[in-house]
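Visitor: Here is what each chain is made of, one letter per residue.
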Amino acid sequence: MRSIRAAAVGAVTMSLALAATACGGGSAAGGGSNDSPKTLTYWASNQGASIEIDKKVLQPELDKFEKQTGVKVKLEVVPWSDLLNRILTATTSGQGPDVLNIGNTWSASLQATGALLPWDAKQFDAIGGKDRFVASALGSTGAEGKDPAAVPLYSMAYALYYNKKMFADAGIANPPATWAELIADGKKLSKGGKWGLGAEGSNPSENIHHVFVFAKQHGADFFTADGKPDFTNDGVVSAVQQYVGLMASDKIIAPGNAEYAQNQSVSDFAKGKNAMLLWQSASANLKSQGMSEADYGIAPVPVQSGTPGTGANVNSMVAGINMAVFKNTHNLDGATEFVKFMTSDAEQKILNTAYSSIPPVAAAQADAAFNTPANAVLKDTLAKSAAALPQVADESQFETAVGTAVKELFADAAAGRAVTAESVKAKLEKAQQQMPTK
Amino acid sequence: MTTTVSTEAGGRTVRKDAPGAARGSRRRTGRLRRAGLPYFLLLPALILELLVHLVPMVIGIVMSFKELTQFFIRDWSTAPWSGLDNYTVSVDFDAPVGEALLHSFLVTVAFTLLSVGLCWLIGTAAAICMQDTFRGRGLLRALFLVPYALPVYAAVITWVFMFQHDNGLVNHVLHDQLHLTDKPSFWLIGDNSFYALLTVSVWKGWPFAFLIVMAGLQNIPRELYEAAALDGAGVWKQIRHITLPSLSAVNQVLVLVLFLWTFNDFNTPYVLFGRTAPEAADLISVHIYQASFVTWNFGTGSAMSVLLLLFLLLVTGVYLAVTSRGRRTSRV
Numbered sequence: 001m002r003s004i005r006a007a008a009v010g011a012v013t014m015s016l017a018l019a020a021t022a023c024g025g026g027s028a029a030g031g032g033s034n035d036s037p038k039t040l041t042y043w044a045s046n047q048g049a050s051i052e053i054d055k056k057v058l059q060p061e062l063d064k065f066e067k068q069t070g071v072k073v074k075l076e077v078v079p080w081s082d083l084l085n086r087i088l089t090a091t092t093s094g095q096g097p098d099v100l101n102i103g104n105t106w107s108a109s110l111q112a113t114g115a116l117l118p119w120d121a122k123q124f125d126a127i128g129g130k131d132r133f134v135a136s137a138l139g140s141t142g143a144e145g146k147d148p149a150a151v152p153l154y155s156m157a158y159a160l161y162y163n164k165k166m167f168a169d170a171g172i173a174n175p176p177a178t179w180a181e182l183i184a185d186g187k188k189l190s191k192g193g194k195w196g197l198g199a200e201g202s203n204p205s206e207n208i209h210h211v212f213v214f215a216k217q218h219g220a221d222f223f224t225a226d227g228k229p230d231f232t233n234d235g236v237v238s239a240v241q242q243y244v245g246l247m248a249s250d251k252i253i254a255p256g257n258a259e260y261a262q263n264q265s266v267s268d269f270a271k272g273k274n275a276m277l278l279w280q281s282a283s284a285n286l287k288s289q290g291m292s293e294a295d296y297g298i299a300p301v302p303v304q305s306g307t308p309g310t311g312a313n314v315n316s317m318v319a320g321i322n323m324a325v326f327k328n329t330h331n332l333d334g335a336t337e338f339v340k341f342m343t344s345d346a347e348q349k350i351l352n353t354a355y356s357s358i359p360p361v362a363a364a365q366a367d368a369a370f371n372t373p374a375n376a377v378l379k380d381t382l383a384k385s386a387a388a389l390p391q392v393a394d395e396s397q398f399e400t401a402v403g404t405a406v407k408e409l410f411a412d413a414a415a416g417r418a419v420t421a422e423s424v425k426a427k428l429e430k431a432q433q434q435m436p437t438k
Numbered sequence: 001m002t003t004t005v006s007t008e009a010g011g012r013t014v015r016k017d018a019p020g021a022a023r024g025s026r027r028r029t030g031r032l033r034r035a036g037l038p039y040f041l042l043l044p045a046l047i048l049e050l051l052v053h054l055v056p057m058v059i060g061i062v063m064s065f066k067e068l069t070q071f072f073i074r075d076w077s078t079a080p081w082s083g084l085d086n087y088t089v090s091v092d093f094d095a096p097v098g099e100a101l102l103h104s105f106l107v108t109v110a111f112t113l114l115s116v117g118l119c120w121l122i123g124t125a126a127a128i129c130m131q132d133t134f135r136g137r138g139l140l141r142a143l144f145l146v147p148y149a150l151p152v153y154a155a156v157i158t159w160v161f162m163f164q165h166d167n168g169l170v171n172h173v174l175h176d177q178l179h180l181t182d183k184p185s186f187w188l189i190g191d192n193s194f195y196a197l198l199t200v201s202v203w204k205g206w207p208f209a210f211l212i213v214m215a216g217l218q219n220i221p222r223e224l225y226e227a228a229a230l231d232g233a234g235v236w237k238q239i240r241h242i243t244l245p246s247l248s249a250v251n252q253v254l255v256l257v258l259f260l261w262t263f264n265d266f267n268t269p270y271v272l273f274g275r276t277a278p279e280a281a282d283l284i285s286v287h288i289y290q291a292s293f294v295t296w297n298f299g300t301g302s303a304m305s306v307l308l309l310l311f312l313l314l315v316t317g318v319y320l321a322v323t324s325r326g327r328r329t330s331r332v
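So the sequence lines, in the order shown, correspond to chains A and B. Under full-length UniProt numbering, the first residue of the first sequence carries the number 1, and numbering increases by one thereafter. Under full-length UniProt numbering, the first residue of the second sequence carries the number 1, and numbering increases by one thereafter.
Read the hints as simulated data drawn from the structure, not as lab findings. Note that the Cβ used here is the ideal one computed from N, Cα and C, for glycine as well. Among the clues, some could well be false.
Claimed, not checked - Per label pair, the in silico range of CB-to-CB distance:
#1 A:Ala421 x B:Trp81: 40 to 46 Å
#2 A:Lys146 x B:Asp166: 41 to 47 Å
#3 B:Pro44 x A:Asp35: 31 to 37 Å
#4 A:Lys228 x B:Tyr319: 16 to 22 Å
#5 A:Gln95 x B:Gly317: 37 to 43 Å
#6 B:Leu54 x A:Gln68: 47 to 53 Å
#7 B:Leu102 x A:Lys74: 44 to 50 Å
#8 A:Gln95 x B:Arg222: 56 to 62 Å
Turn these sequences into a full structure, and let the hints guide you.
Guide: Structure, rendered in structure tokens:
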């Protein structure tokens with residue numbers, strides 16, 4: 001009897017032990033091959049308003065590619081919430097797609113894992129040469145001094161989207177060019193259940209994009225020149241405080257935005273709940289939400305003073321999507337061919353028009369389709385006043401740590417707590433301590 | 001087990017040295033075969049068990065001694081051994097990583113105690129109320145089990161919508177209709193997130209307690225209640241002196257299972273808050289997930305998992321030892 005009970009205790013304890021630690025996988029080294037030359041798997045990022053829309057945009061192009069080369073491309077559109085995890089899992093197991101889209105800010109982090117095929121001169125020659133691409137887009141493809149981990153596919157920049165009717169109703173003639181003007185306008189617009197500006201307070205990536213630009217405008221960087229985290233310097237602290245302050249002290253962002261993480265601020269803007277929105281290439285998204293292009297205007301993101309430019313007048317990150325080849329691919333030639341196809345002038349025009357982004361390929365960018373007023377603002381920003389996020393191996397951790405710190409500060413602001421230099425510094429200090437030490 | 005092995009070895013020696021003794025050896029192999037058959041039949045299950053459970057666990061433990069960061073995940077074998085570094089980092093409660101882990105651990109303990117307690121209380125109360133037959137009992141029982149039967153994701157995402165600040169049902173009822181709060185509260189960020197998490201967890205968990213206790217109640221003889229009623233015991237006395245003692249064996253397992261499920265629950269906080277939970281509701285499962293996947297440091301994540309495992313082993317062992325002894329003495 002005693003032994004049975006002991007066995008039962010043992011069995012329960014063991015099964016618990018087994019349940020608690022379950023994490024594993026295999027490892028696989030080695031490079032690409034050409035074992036299956038007739039098929040490719042492609043993980044596309046979610047660029048349109050929905051995954052279905054992406055499939056509709058991409059499938060005809062993939063069919064075209066199959067007709068030209070005989071290679072069948074199996075498409076999977078991966079939502080943003082899953083993409084990085086899926087790539088990490090693929091890296092760990094060695095089982096992944098042949099070709100994939102990555103957020104361009106992840107380039108250096110993913111480059112460090114060694115999972116992506118480096119684009120050396122030979123590889124670039126196979127797709128028509130490195131100089132086909134715009135310099136600013138190439139600046140966000142991996143750490144400096146290393147062969148790029150990916151090739152630019154779509155370029156985007158932040159712009160200020162404003163509701164023309166709400167501006168007219170409030171008697172505002174022109175979109176704001178400086179933050180002081182934006183706050184003044186925002187205060188006029190924030191009344192009767194409507195608000196001046198929208199934000200995605202619970203989305204760490206959005207937060208990072210904005211505080212990065214604010215930091216630039218305060219002449220500060222999140223990393224030292226030799227790549228060490230430096231989140232608590234005065235410039236960064238005032239930058240973060242200024243951004244969160246739009247809700248905390250200026251009160252032109254609705255407190256409810258602190259919990260937004262599913263692009264609700266875009267819907268709010270489309271519905272006329274917010275008069276302004278800082279977003280990257282929002283046109284296609286707004287159209288799918290039923291907002292006509294005539295109803296909103298597009299202006300450069302404000303600066304502290306003067307006009308957008310370099311240095312402290314940077315007003316956007318270099319946003320965009322890169323295309324990478326997985327090192328373990330079983331169809332290296334086909335994958336290279338596919339990247340060549342997707343970055344060809346003709347495809348670049350079709351795809352970037354569909355996604356209201358800007359082609360990173362110089363020849364395609366010159367096309368008349370990208371000279372509309374909306375695209376002109378984005379193109380101008382990319383060419384003159386956009387800066388690439390730090391191309392360091394820890395970039396992805398930085399996005400999470402600091403992005404979460406800003407999310408917590410937004411939560412404070414929403415709850416009515418003051419956001420002071422001290423509270424900002426404390427959160428950033430904590431974020432910095434979470435960064436890898438080695 | 002050892003005897004089987006020695007018989008086998010013996011059999012072999014016999015066969016080699018003395019071919020004349022073949023008959024005796026055959027009988028012995030026959031016996032060996034019969035004795036070995038159950039083990040042989042168990043073998044597939046054992047191999048699968050090892051493959052599915054033990055191997056990943058061992059790999060997890062091995063990982064915890066490695067410096068498995070983004071630079072090495074492509075080929076684990078190249079990751080340098082880090083000795084106990086991952087563990088010292090995790091339990092150094094003065095440094096930020098350890099401090100955060102301790103905070104998350106304490107939040108989880110408080111959350112688990114409250115959630116298990118409420119699940120058990122509501123489940124038991126409901127089961128006792130449903131004990132007597134009345135019209136619509138079957139319908140109510142089925143209704144009570146709905147939260148348990150719903151897919152976790154669908155159920156929790158519905159709660160996310162209800163907890164939203166601007167358009168959520170919870171704020172609509174509490175603020176707009178009942179005027180209990182001065183202004184709409186945030187449930188998914190900030191300090192209230194703990195109560196939001198607790199609500200969903202209890203909502204999801206109590207039907208299981210209800211189900212198990214209801215099954216346990218069927219085994220209590222009606223005569224006991226009748227005898228007690230004749231002796232003049234009221235409802236409360238009956239519950240205290242008949243129902244609860246008769247349920248103790250069921251409760252022992254129920255509380256343990258609820259505790260383990262709640263403590264390890266990942267789905268609820270992850271669907272509710274996404275990959276970065278608010279501090280007030282930073283459960284240890286999500287915390288470990290974040291420590292490994294979001295910061296790409298799988299070594300530290302594994303070390304934290306192993307620590308969690310050790311803690312749960314300890315709690316379970318002590319719990320089973322104490323409750324078993326308690327029951328044995330009470331029976332004597």
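Visitor: Is 44 to 50 Å a correct range for the gap between the Cβ atoms of Leu102 of chain B and Lys74 of chain A?
Guide: Holds, at about 46 Å.
Visitor: Quick one: are Lys228 of chain A and Tyr319 of chain B within 16 to 22 Å, going by C-beta?
Guide: The hint (16 to 22 Å, Cβ to Cβ) is violated, given that Lys228 of chain A and Tyr319 of chain B are roughly 47 Å apart.
Visitor: Starting from the range 31 to 37 Å, see whether the pair Pro44 of chain B and Asp35 of chain A falls in it by beta-carbon distance.
Guide: holds, 33 Å
Visitor: Range hint 37 to 43 Å: satisfied by the CB atoms of Gln95 of chain A and Gly317 of chain B?
Guide: holds, 38 Å
Visitor: Given the hint of 40 to 46 Å, is the C-beta distance from Ala421 of chain A to Trp81 of chain B inside that range or not?
Guide: holds, 43 Å
Visitor: Can you tell me whether the CB distance of Lys146 of chain A to Asp166 of chain B sits inside 41 to 47 Å?
Guide: Holds: the Cβ-Cβ distance is about 46 Å, inside 41 to 47 Å.
Visitor: Between Gln95 of chain A and Arg222 of chain B, does the C-beta distance stay in 56 to 62 Å?
Guide: holds, 60 Å
Visitor: May I ask you to test the hint 47 to 53 Å on the CB atoms belonging to Leu54 of chain B and Gln68 of chain A?
Guide: holds, 50 Å
The earlier numbered hint that this structure contradicts is number 4, and it is the only one.
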